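Student: Model the full assembly from the supplied sequences, consistent with the hints where possible.
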Amino acid sequence: MASASDTVLVNRIKSGDEKSFQELVNKYQARVYSIILGMVQDRNDADDIAQEVFVRVYRFLHTFKGKSQFYTWLYRITMNMCINAKNGHRREKPSVSLSEPIDDRGTPLGSLLPSQDPLHRPLDNLKNTELGGQLQEAIDSLPSDLKKTFVLREIDDLSYREMSHVLGCPQGTVKSRLFRAREELKQKLSPYLDSLEEK
Amino acid sequence: MRCKQARRYLSEYLDQELPSRLCRRIENHLEVCADCAREYLKLKAIRTLTRNVLIEDPGPHFYSQVSSRLRENRATRPAQRRRLLGAWSLIPMPAKALVTAGLVCLLFFVLVYPHLVTPTLSIEDFQQEYVRSRDVLPWGEQPSATIISFHSGRG
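Going line by line, the protein sequences match chains A and B.
The opening residue of the first sequence carries number 78 in our numbering; numbering runs sequentially from there.
The opening residue of the second sequence carries number 396 in our numbering; numbering runs sequentially from there.
Since the hints were made in silico from the structure, they are not lab data.
All values derive from a computational prediction rather than experimental measurement.
Glycine included, C-beta positions come from ideal geometry on N, C-alpha and C.
There may be inaccurate statements among the hints.
[Stated by the list, open to error] Examples of chain A residues toward chain B, derived with CB under 8 Å:
no.	residue
1	S111
2	F137
3	L138
4	F141
5	G209
6	L212
7	E231
8	K252
9	L255
10	R259
11	E261
12	L262
13	Q264
14	S272
Tutor: Printed below as a string of structure tokens:
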């Protein structure tokens, strides 16, 4: 992660350069979106929260003094937004599940809609499999602290030290949370993992 | 290295967070212990699957969505506040300093000053208190009659 380049971008944005903001969004959008997706498990919510994260970054960038790495600050905002969303602080929007049947024959709404951005969602095959669904369910069932530590590690490969800055806890806690999260996931997914092993 | 000890370190080994010496010991153990190697492969599989399922790009239109949300955000800010701030920025610096100093003085006299001054008893209240105390207090503790005449300007 090139922190010097982040610093340059942040300084340019502070002096009013909108192009640099676009560059910063492009650089982090996938990581932020994936972390949120791991936390909230719903694409519509993840879209909404990810947009709000970057709006907040833009609005409050003047408060970022550069004492820590930019991405630490960004991920902290991301995590807080996810927690707020989970706690129901966000406005509730009526939503219809894509798997919900909309007629007598049980046709799901999702099957009638064209798939979105197929080029950017190449892994939809796995996402829509039973295994993908089970994995998402298993991650979602983790306690909040374990979930955010696990998601942050797997999505962005942050070191334990970096994660301790983002999560505001000692490295030892990061280590034990990851261990516990993986043990729980291993247990919940054991039928699938055993079958993978056999192949 | 025993299996129990090795399994405690597998998560950190996967994350490459172990010192190199311990790493080599784990590697040696995994080469000879099929059960632990299987456990390690499960952890690796969870990582691969998680990345496959979760890592996703919100698409090429994401920035334009953020940008339009920012514009909305700006538009909904109270226009009056912006006008006031605009007017304030037009005022020359000495005038700003004068207005600020005036406001500080005003706040001081309204909020702080009344608490600094000790309350005084008006002469009428004092007279009433004096008359009341004459009936209640014994003779030795009664206030002198000269006090009342001095304060009322009749002395």
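Student: Confirm or reject each hint.
Tutor: Structure-based check of each hint:
no.: 1; hint: S111; result: holds, 5 Å
no.: 2; hint: F137; result: violated, 12 Å
no.: 3; hint: L138; result: violated, 12 Å
no.: 4; hint: F141; result: violated, 17 Å
no.: 5; hint: G209; result: holds, 5 Å
no.: 6; hint: L212; result: holds, 5 Å
no.: 7; hint: E231; result: holds, 5 Å
no.: 8; hint: K252; result: holds, 6 Å
no.: 9; hint: L255; result: holds, 5 Å
no.: 10; hint: R259; result: holds, 5 Å
no.: 11; hint: E261; result: violated, 10 Å
no.: 12; hint: L262; result: holds, 5 Å
no.: 13; hint: Q264; result: violated, 10 Å
no.: 14; hint: S272; result: violated, 11 Å
Checked against the numbered hints above, the structure violates hints 2, 3, 4, 11, 13, 14; every other hint is satisfied.
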